[in-house]
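Visitor: The chain contents come next:
Number of protein chains: 2
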Amino acid sequence: VTPDNPPVAAPDAFLGLDIGGTKLAAGIARADGKVLAEARAPSRALEGPDSMIRRLVALGRDAVWDARLGTTDIAAIGIGCGGPLDPERGVVLDALNNPGWVDVPIVAMVEEALGRPTFLENDANAGALAEHRYGAGRGVDDMVYLTISTGIGAGVISGGRLLHGANGNAGELGHVSVDHRGRRCRCGGIGCLEAYASGTNIAERAGMPSAEDVVAAVRRGERHATAVWSETVELLGAAIASIVNAFNPRRVVLGGGVTRAGDVLFEPVRRIALQRAMPQLAAVVDILPAALGERTGILGAVAVAVDRRA
Amino acid sequence: VTPDNPPVAAPDAFLGLDIGGTKLAAGIARADGKVLAEARAPSRALEGPDSMIRRLVALGRDAVWDARLGTTDIAAIGIGCGGPLDPERGVVLDALNNPGWVDVPIVAMVEEALGRPTFLENDANAGALAEHRYGAGRGVDDMVYLTISTGIGAGVISGGRLLHGANGNAGELGHVSVDHRGRRCRCGGIGCLEAYASGTNIAERAGMPSAEDVVAAVRRGERHATAVWSETVELLGAAIASIVNAFNPRRVVLGGGVTRAGDVLFEPVRRIALQRAMPQLAAVVDILPAALGERTGILGAVAVAVDRRA
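Just so you know, the sequences run in chain order E and W. For the first sequence, counting from 1, position 273 maps to 273 in this note's numbering; every step adds exactly one. For the second sequence, counting from 1, position 10 maps to 10 in this note's numbering; every step adds exactly one.
Chain E with its partners taken away, still in its complex shape (with noise of 0.2 angstroms):
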């Protein structure tokens, strides 16, 4: 080591790797969650697997130069997708929101192109542990993340571990049946939380194009609209009262896109899931917005390789 060659620090930036079902993101982080650089594209799912990693991985390229750094300065690549997925073998196994994607060894693909030991998570298992380091569940042991957007996901953080289960797919709350004999799920199931409170779910039961409408014509109050919503945030409660039964967490973190409803969601739902929670676990949860917003995905994916490397 000279004055020209000064000692070079371990290295503390992570490459995360979002795959999304309309856009692909990419992003360099500290793992303390200060993000240096960040970059997107859409996804063109349709393009298949070997494709949309080559843009993927060429998006990471991108944010790695973006960071004045090169690949050897990043720790490690963590990448965030739609599952269902093998996380210990890095495999793909059907990602549900984009077709052809069977049997991808995705992390075998990426260590191979960028040279750096690489992660993979289900996308809303990166949520969980990106809220819980950065965002609305940071301090506390316990924790569950829900996202409902297109459809719903959630990851659950217990004793200040991600829950896995026996291959990699615990906590798939969107799945929690309020109706035993409900609405059937595109899961397979019968009266998943899902099939009524997810955005298209919540769009189709109202007939009309999207949540966001829905949500306008309650604000409007429209009588058909706001039957509808009444409905979703009952159903919507009573699935984290039973997620609150389950799992007695500290917090219950909400995003994705249908919270973006604000009060006309949180209020009723906080009030129905606390009533129908049993009394004592009730008493230590609160039911809170998901604080990363835009920066899920890429926070999310710098968390997995930050949490699996540790």
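Calculated from the structure, these hints are not laboratory results. The structure presented is a predicted model; accordingly, all values stated were derived computationally and were not measured. Do not rely on the hints blindly, as some may be mistaken.
Across the chosen pairs, the derived CB separations fall in these ranges [to be verified]: (1) W/R138 to E/E222: 53 to 61 angstroms; (2) E/D141 to W/P11: 31 to 39 angstroms; (3) E/R186 to W/R219: 49 to 57 angstroms; (4) W/V264 to E/P42: 29 to 37 angstroms; (5) E/R181 to W/G139: 31 to 39 angstroms.
A virtual CB, placed ideally from N, CA and C, is assigned to each residue, including glycine.
With chain E fixed as given, assemble chain W onto it according to the hints.
Guide: Structure of chain W alone, referenced to chain E:
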């Protein structure tokens, strides 16, 4: 150390104390689950906590004596008791099955009386630990235990650890709702599994004295009992599907008096649960009867001591 005073091996005997609604039990077992002595007595719940704990301690001393040990040979003491309770502070907050048990510092009382480190856990969590260590959950890291008797209790092992949650009440799976507009539950919730499928509620729904009578009537082909039972197993199957989706267990272990119904319960519950759970999660789970029977209480309390002391 002389030949007359052989070195004393580190103690490998544990005392388990179990407080049920109808009986008290004490047992001595080794960490591997080998039972050395056991003793039982009626609860006499109306006597209240002080008298019950005095008799429980006496029962514990009897078991120590029967195992030809002294209290100094006991490595640790575990207590299983109906919740809600605070396992960290060792206090029973409000034992639903035993009137007058409010804020009872049972761990301090037993430590004072017997002079050995003592740990408290709710009886369903204790049962989960026992089935995991000694029974139908051996060898797997992810297991859900449900005990279906007067009420429905549960305990969850995830990644090899018992889930506690924010204040020790995780795993209240009898209070996962299966029908958001269903029967009111004694917990204050609506449509809880327990409100349908506990022994008490099965009997009440069928208008018969006990769940055992309902099962006998089902075997005789009586129509009303059969209709009630069909709904019961459907709801139990639906709830287990939700539980599988939430925890992704390798095994779901069902114990408690109602499961003595045998195939007339397990066959339809397995079919319905596996049909409704998400395919990737259904593929890896077995639904099995508990293995420990009458010894669940004692071995549960012993397992608490073994687990918490480790």
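Visitor: All the hints need checking, so say for each whether the structure fits it.
Guide: Each hint, compared with the structure:
1. W/R138 to E/E222: 53 to 61 angstroms: Holds, since W/R138 and E/E222 (Cβ atoms, about 57 angstroms apart) stay within the stated range.
2. E/D141 to W/P11: 31 to 39 angstroms: holds, 32 angstroms
3. E/R186 to W/R219: 49 to 57 angstroms: Cβ of E/R186 to Cβ of W/R219: about 39 angstroms, so the range 49 to 57 angstroms is violated.
4. W/V264 to E/P42: 29 to 37 angstroms: Once the Cβ atoms are compared, 55 angstroms apart, the range 29 to 37 angstroms for E/P42 and W/V264 is violated.
5. E/R181 to W/G139: 31 to 39 angstroms: Because 37 angstroms falls inside the window, the suggested range holds.
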